[in-house]
Every structure is written in structure tokens, then in C-alpha cells.
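Student: Chains A and B are the protein sequences, given in the same order.
Every number in the numbering used here is 472 more than the matching position in the first sequence, counting from 1.
Every number in the numbering used here is 472 more than the matching position in the second sequence, counting from 1.
In short, the hints are calculated from the structure, not lab data.
Worth double-checking, as some hints may not be accurate.
Treat identical chains as interchangeable: a pair holds within one or across any two.
Calculated lysine to aspartate or glutamate pairs in the DMTMM-like style (CA-CA distance at most 20 Å, straight line) [unchecked claim]: (1) K476 - E717; (2) K693 - E630; (3) K475 - E569; (4) K594 - E737; (5) K800 - D510; (6) K609 - E569; (7) K609 - E570; (8) K503 - D592; (9) K476 - E610; (10) K579 - E494; (11) K740 - E604; (12) K475 - E570; (13) K476 - E578; (14) K504 - D679; (15) K693 - E590; (16) K476 - D573; (17) K779 - D589; (18) K493 - E720; (19) K476 - E633; (20) K693 - E569; (21) K594 - E766; (22) K503 - E569; (23) K796 - E494; (24) K475 - D573.
Protein chains: 2
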Amino acid sequence: MPKKITILHGAGGSESQELIKEVILGRFSYKKFDVPLDALDDASVVNGIVFKTDSHAVYPLFFPGGDIGRLAVCGTVNDISMVGGKPLALSLAIVMEEGLDYSVLEKVLDSVKIACDEADVKIVTGDTKVVEHGGVKEMILNTSGIGIRSPYLDHNFEIVEKFRNINTRWLLDSNLQPGDKIILSGYIGDHGIAVMSARRQYGLSSDIVSDVQPLNHMVEKVLKVGGIVAMKDPTRGGLSNLLYEWCEKSGVGIEIEESKIPLREGVKAACEILGISPLEIGNEGKAVLAVVPEMAEKVLSTLRETKEGAYSQIIGEAVSGHDKVVMKTIVGGRRIVPRPRGDPIPRIC
Amino acid sequence: MPKKITILHGAGGSESQELIKEVILGRFSYKKFDVPLDALDDASVVNGIVFKTDSHAVYPLFFPGGDIGRLAVCGTVNDISMVGGKPLALSLAIVMEEGLDYSVLEKVLDSVKIACDEADVKIVTGDTKVVEHGGVKEMILNTSGIGIRSPYLDHNFEIVEKFRNINTRWLLDSNLQPGDKIILSGYIGDHGIAVMSARRQYGLSSDIVSDVQPLNHMVEKVLKVGGIVAMKDPTRGGLSNLLYEWCEKSGVGIEIEESKIPLREGVKAACEILGISPLEIGNEGKAVLAVVPEMAEKVLSTLRETKEGAYSQIIGEAVSGHDKVVMKTIVGGRRIVPRPRGDPIPRIC
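Isolated chain A (complex conformation) (with noise of 0.2 Å):
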């Protein structure tokens, strides 16, 4: 039986990162860039160019809070940050299923626009392809982007460097050391269960809207704060695959507090229905950031100003002697989170 692709395989978890060092980087390895695709972090820097790309598969197109065109840009102009980029450029390709309404087009389109000039990017060059009926569901987008290096962080790491050494000048995975404080910017699971909730499949009806927003501005403060040293959205596998790449490529544990990570109660209702863990569902307006202790505080207040990390908590802390994510409780006991294998809602993003 030749082996296959499964949902898996795309989800953002243990299996995704598998496929991901098994067939890709045994193919393109390449470690001369500034930030190199070996690094598999959220954007590669190459020629001092801040390079990402994503495509877009939701479904439905459109749900609470957002559709596939905000998806789109917030998606990219936030993995270009993530590294400490400053999103310049994006460019557009759609790809759509003959027959789809001019209008949904129209819509989707509109929803580009306005989350471009939230995040004030640009699409620059785009591509249109359009196949037949079931060739795709609706529409696939894509999006890639450029940036620069931000200009807040050369700052960011001379304030860094008062506390402790850092031999890199981006913000990568592999960057913690024990005791960097792990600050989360908002409330989790939002963004995957207002899509499931808009599928209608499992009779799950809630108020929850997703959280799909531009958090450019928002990385943009904290750096002139300075003190951070890795950064990264809680995408495609959440909040525990987060954890669990930057325990891996740091060489680092993580404790968390159960009771620190801000949950909506319809969040918290529909993972109950679902049997799912919020700390495994995908969002899409959400920064964790890891910080010296001695800035955590600072950056915590100042996320606290922004819009969009209004709700921002400091939830654990990197440490040594293990290599686990594992959660103090609520009830008071400690366990170790399990790595998510992938995404428990597909097709989110």
C-alpha cells in the first residue's frame, strides 16, 4: 500500500513538521541566509529581504470575525513580524472554481483591502487562475510577502543584551534561555471555533468571533520596548505546538499556569462539546513572545495599552532540566501537555 497524504499532514503539528524535515529539507537545506528555511521558523530572511509565503484553504470563506481575504493578509504581515520583520508588500494569488459568484470575488477582495490598510501593506503583483467546477472548493488563496528589518530592532536587542548574550539579531525559536518569561497577547481558540461554529456541522452555535487581525503595529511597540527574544503566532497546532517548537529548537522546558491563559467561556464550552484542547486550536491574531525576566513587565504593560493585546498575560516561563511543556493546573496538579499531532480542526486557515 504506497503511503499517503492525510489532513495531517497539513494540520501544523508533529506529523506537518515530519513531512516538512523529511521531504523538504532533505531537498532544499540551505543554511547561508540571514534566517534560512533549515530554521523553519516564521519567515526566512534572505539578502536582508524578510520573505514568507501561505496559502489559504479555509472553509467556509467566510465566518465570525473574518474571511479567507483577511485570513490572507493577517497571515502574512504577521509571520513577517513575528521575526522582527516590518511588513512592506504582499502579493495576491487566487485561485477560484468556475462559476463562482462575481460577487464573493467582490467581497473577498474588499476584505484584502481593508486588512491591507489596517496592517498598512501593499498587494504589489498577483496572479488568477481559475479551474474548473471541483477543481477546488470556491477559492485557495495565496499570499506572500516582503519586509525589511524593523527599525526598532537593533533596539530591541541592545536591551536584551544589558540582561544576557545573543548571538543572533532576529527573533527565533532557538533564541530562549531558562527563565525568559512567556507572554501570551490574548485570548486562545477563538479563531478555530468561529469557523467551526460558521460549518454548522456539529450543531455548535456560539457568539465566538475570530481573532484574525494584523498585529504589525502591535510588534511594533514592543520593540521599541526592547527586551524580547523570540516571537511566534499560535497558528496551526496552537498554543502547545508553539511551545513545544521553541522547546525544541531552544533546548529548553516550559511551565506554564493553566489559570493564566485567557479562554473565553464559549471557547471553553464548545472544546468540552468537541473533546478538544484550546491550547491545540489555531488563531490568528495572536502573538506569544518570549522576554528577559527583567523586561517582562514592561512589555506586559505595554502590550496592555494596544488594542491588540489588550488581554495579554504573563503564562510560564522557560526552563531548565526538562524538555517538556508541562501546565500547573487550575486544580493545583502539574502535567505534561501533550505535543498535538496537528490541528483537531481542519481547514481553519
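Given the coordinates of chain A, assemble chain B onto it according to the supplied hints.
Tutor: Structure of chain B alone, referenced to chain A:
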């Protein structure tokens, strides 16, 4: 009855142009960049960075002379080259159908790797999504690419300026003047017919193989010669669509000679069976160059010394007095070449 998207909206001809002008430029017009989206040229230039995106939905994935992987790399490399960029790095975003054989993915990635090596570009960022069975047909790829200004582009324009004024430093569709010679770098129609024969739909079988190849090395060689004002690859909509884009954007007419256009017997025969024009079929390894007349022979002989351009021909010239593409036929008449509404063979790229 609401307006619907049709196959022609993605086929690169006048219908695509209308869609793009109406729904894209209406929203995303922004003329401040070196080569903006509004130019609707092969690639854009932003802060000195050449940037381009392409999604590929060719069906079937494998065809004589290439596959979707090779196509994706060459398409983006060539578009960056066509404005005078030196391609540097590509992104690769894969959307796959659940159940796809793992070996199909591996075969496509091998082709990506080989084409990248040929073109001397690197895959530096990527994305992998899996959708349910039927969500896409097998696989869609997006490659976006970044490039820098070719180191030979200034020299090229210095040579142009020996003979006439030109007010841009990029190779643009709007740069032609009456008298410029039109050079085609080889046989046309091969790619479309190769893909078509792989479908076995029309009982069409031929020994034609796709021309899909990276053109950046060939382009570099002719920029060293100099005198080129515009360059474009005749992909969707073929040679005739390309020439009409030049006419429209440069405000010229173009006269070509049918006897000069390299056309294989097998392509000619297939076109007769299918009732389509070889001038409208998409190519993936050819370039059309507009050159100041004084340099045309030198550019031609340099092209002919390359593997990619061995069968280059001067096929005509830009003229004043009308705004059409006019062809002197082999039998001696003159006819207006119609502007294609789209590519007559869908889903070849």
C-alpha cells in the same frame, strides 16, 4: 442571474484583463513603487526588490517535458527575469488533496529541486496545506519569488540610450517605440500541446514536449549585449496576447511575419485538429524581446548561442499608424491577428 466566474477569467487574455482591471486595480492601485501593480507587468519592483507570485494548477501534474514542480519554479524565475531582475529566492506553497500518494509529492519536489538548481535559485520559505479529498484536484502550487536588479541592466540601458531616449530603468511593456525589433526566442506552442496530449482527451497524441525551462541565464547574456527595451514571456494567451499587451501599453502597432515564427510540424498539426491558433497557446520557456533596431542582430546572434534561445528569430517590429497586431501571412496576405479572449487550452499552468 448573478455574474459568475468563468474559465476565461483565468486564461490570460482580454477577459482576464477585464477582471483584473475591474476588481483588482479598482481596489489595489498604488503607483508609488518602481514598478507598481498598476503596470500589470511580469513582476513588480518595490524598494528595489523584484517580487512576483504565480499559482499553478496544471492538469495533469505530469506531462511530456515537465511537471507542476518544474513549471512553478520556471514561471516565477522567468517573470522576475523579464523585467530585468536577477531571481534570488523562491517560496513554495503546496496545497494537496488528502489521499495523494506520497511518491507524487516527492516526484514533484525532485523536479522543483532540479529546476532550482538549473536556475540557481533557492527555496527559502514554504507552506503546506492538506484539504479533504475533492478540495483540490491532486495539488496546487504557488511559487512567489524575490530578485534583485540584474547587475547588467544599467549597461543594457546605456546601450539603449546610445540610440534613443528611454525614461525607465526596467524592462517594461510600455517601453516600445516604432522601429523596435521583435525577437522571439524559439518555437511556440510546445507547452500547451504537450499538456493537452498528456490528457488524452481528444485522441491527440504527439511527440511534442513542453519547453518549460528557466530563462534567467539566457536573459543575463543578452543584457550584457544591451539595447533591449522590453521583455516578456508568452504564457497564458500566448504570443498574440503578449503582443497586444505591448501595443496597448506602449501605444504602438506590431507587424509580424508568419514565416519567421518558429513552429514545429507537430504543433501545427495538433492546432489544426483542435481548431486553435498556435499564437494563442501558452509557452513556458520562451521570451519575446523588443530591441532597438541597431542592436537587434547582435542580440539575435547572442540568443542563438544559448541552449534556451538556439532557434531565436526576429519576427517583426513595432510600428506607428495603428494599434493592432498585423501578420504578413506565408501566402503573402496581411491580416489582423485577433486579440485572444483567453488561452484556448485551459489549465496548462
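Student: Indicate, hint by hint, whether the structure satisfies it.
Tutor: So, going through the hints one by one against the coordinates:
1. K476 - E717: neither (25 Å within a copy, 44 Å between copies)
2. K693 - E630: Classified as within: same-chain Cα gap 16 Å, cross-chain 45 Å, threshold 20 Å.
3. K475 - E569: between (29 Å within a copy, 14 Å between copies)
4. K594 - E737: neither (37 Å within a copy, 46 Å between copies)
5. K800 - D510: neither (33 Å within a copy, 55 Å between copies)
6. K609 - E569: both (7 Å within a copy, 11 Å between copies)
7. K609 - E570: Answer is both: 10 Å inside a copy and 14 Å across each meet the 20 Å cutoff.
8. K503 - D592: Answer is between; shortest inter-copy Cα gap is 15 Å, intra-copy 31 Å.
9. K476 - E610: between (24 Å within a copy, 12 Å between copies)
10. K579 - E494: between (39 Å within a copy, 13 Å between copies)
11. K740 - E604: neither (40 Å within a copy, 27 Å between copies)
12. K475 - E570: So K475 and E570 pass the 20 Å test across copies only (11 Å; inside, 32 Å).
13. K476 - E578: Cα proximity of K476 and E578: across copies only (11 Å, versus 36 Å in one copy).
14. K504 - D679: neither (48 Å within a copy, 42 Å between copies)
15. K693 - E590: Cα proximity of K693 and E590: one copy only (15 Å, versus 43 Å across).
16. K476 - D573: between (34 Å within a copy, 5 Å between copies)
17. K779 - D589: The answer is within: 16 Å in one copy meets 20 Å, while 46 Å across copies does not.
18. K493 - E720: Within one copy only: 14 Å inside, 48 Å across.
19. K476 - E633: Neither, since 47 Å and 58 Å both go past 20 Å.
20. K693 - E569: neither (41 Å within a copy, 40 Å between copies)
21. K594 - E766: Cα proximity of K594 and E766: none, with 37 Å in one copy and 40 Å across.
22. K503 - E569: Classified as neither: same-chain Cα gap 38 Å, cross-chain 30 Å, threshold 20 Å.
23. K796 - E494: For K796 and E494, the Cα distance exceeds 20 Å both inside one copy (23 Å) and across copies (53 Å).
24. K475 - D573: between (37 Å within a copy, 6 Å between copies)
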